[in-house]
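A.B. asks: Residue-level listing of the chains:
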Amino acid sequence: MTRVNLIHAALLGALGAGLVGCQGNRSDVPPVHLIQNMDFQKRFDPQESNDFFRARDCADEVAAEDAAVAEAVAKGEHPPLVERTCWARAMRPPPFGTVAVGHLKDDDHLHRGRGTDGRLADSLPRAIELSEALMKRGEQRYNIYCQPCHDYTGGGQGIATLRGGGFKIQPPSYHIDRLRAMPLGYFYEVITNGKGTMGSYAAQIPAEDRWAIAVWVRTLQVSRTKGGK
Amino acid sequence: MPAIFPRWTNNIPLVVALAGPVVGAGLVGGVWYFFSPKFTDVGYRPVQPVPFSHKLHAGDMGMDCRYCHNTVERAAHAAIPATQTCMNCHKDLVKTDSPKLKLIRDSYESDQPVPWIRVHQLPDYAYFDHRPHLAAGVGCASCHGRIDQMAVVQMSQPLSMGWCLDCHRDPEPNLRPLDQITNMAWDSALEKYDPKADSARVRAVNPPEHCSGCHR
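Chain order of the listed sequences is A and B. Sequential numbering from 1 applies to the first sequence in the numbering used here. Sequential numbering from 1001 applies to the second sequence in the numbering used here.
Everything labelled a hint here was simulated from the structure, so no lab data went into it. In this text, all values refer to a predicted model and were calculated from it rather than measured experimentally. Treat the hints with care, since some could be wrong.
As a list, the in silico EDC-like pairs of lysine to aspartate or glutamate whose alpha-carbon atoms are at most 16 angstroms apart [stated by the list, open to error]:
1) B:LYS1196 to B:ASP1170
2) B:LYS1196 to B:GLU1172
3) B:LYS1091 to B:ASP1064
4) A:LYS195 to B:GLU1172
5) A:LYS168 to B:ASP1179
6) A:LYS42 to B:ASP1124
7) A:LYS168 to B:GLU1172
8) A:LYS136 to B:ASP1124
9) A:LYS136 to A:ASP60
10) A:LYS226 to A:ASP177
11) B:LYS1192 to B:ASP1166
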């Protein structure tokens, strides 16, 4: 009798654990799909790695591995197990200098912020029209990409500059005379190419949005100028 | 004539009749739950090669998701940022010699990608595009959970077909104002948001429910 009770208790316990052990159990082991259903196929998603290109992308590591294996074989030992540090890309980086069709960026004003005389322009490129929508877009994009360092008002006291020991070099306020005197194209140019310790944001922000941000920077400046500008 | 079957076998029909449905239901229920992504996928949190904390960057510092995942509005894939995005701050300005960032610095020097481990992965036969979801006003947190509270990112939703269809059949409870998409703290329970009355929306949300909407 007691034995049967024990078995019952064990079964009930297992059932209970089965029902409770559940969703959201943390694990660093990749999900195991018991029914595969072609969940993972022989094709590549963006940014995945692809061993096909390993000899090209990881030439140094492959050469070192080959040398280690050859050495071990010569000595009659088992080849060493080396931890991988290099993965080849499925998305192939284009050769340096490649220009995609339609992306020549030959509009100097739009893409370099410079007029026909080669100097920084103080106006919007012809393709972009000043409007409320453009300013709203500029504000939104500014608050995403610039605000962490330059803060919401352009004072250069963004949250990133205050944490982790603070920035080694503070970003300048937009409201100093030197920057107030700058043409609109200057801000576009700095966003595009970076300046000093600020990196280039050309890869993160499309050109049209960079102009919108330049407009918003000018708006912030005007908002702090007595009597407007 | 002796009995062929011993007396206890008289109980077999009764035991089968009683235990059969219980065991059957248990098996069906077990497969239904434990074989589904609700169990197999939710909670997956791989150890990343660089201990990047979303809680610090997106939560405490309040950086917008799109600072790093900047392709999400322009492409199907919300890209893992280039190493250069990390280096915007960590090159010359903050924690420039932290040992935790060694891989990032190496990657920047060598031009080789950081081997980040993918957390959210749909089956390869499912088509997914971030753009229409953002345009419809589905927040990041609706599918990815409170990333701003995760020091280590984990899957918080099963990303299963049933889960997709729950929302495709009745999207409204998961919609939010179009300017609140990346706001992790936006709570539909507190906001009383009606997408039909929102003048910022130019067209009604009409998610596909037919097979080829997602299995193209």
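A.B. asks: None of the hints should be skipped; say for each whether it holds.
C.D. replies: Quick rundown of the hints versus the structure:
1. B:LYS1196 to B:ASP1170: It holds: about 13 angstroms lies between the C-alpha atoms, which stays within 16 angstroms.
2. B:LYS1196 to B:GLU1172: holds (9 angstroms)
3. B:LYS1091 to B:ASP1064: Since the Cα atoms of B:LYS1091 and B:ASP1064 sit roughly 20 angstroms apart, the hinted pair is violated (cutoff 16 angstroms).
4. A:LYS195 to B:GLU1172: violated (45 angstroms)
5. A:LYS168 to B:ASP1179: violated (34 angstroms)
6. A:LYS42 to B:ASP1124: holds (9 angstroms)
7. A:LYS168 to B:GLU1172: violated (47 angstroms)
8. A:LYS136 to B:ASP1124: violated (38 angstroms)
9. A:LYS136 to A:ASP60: Not OK: A:LYS136 and A:ASP60 at ~49 angstroms, beyond 16 angstroms, violated.
10. A:LYS226 to A:ASP177: holds (13 angstroms)
11. B:LYS1192 to B:ASP1166: violated (20 angstroms)
The structure fails hints 3, 4, 5, 7, 8, 9 and 11 (numbered hints given earlier, in ascending order).
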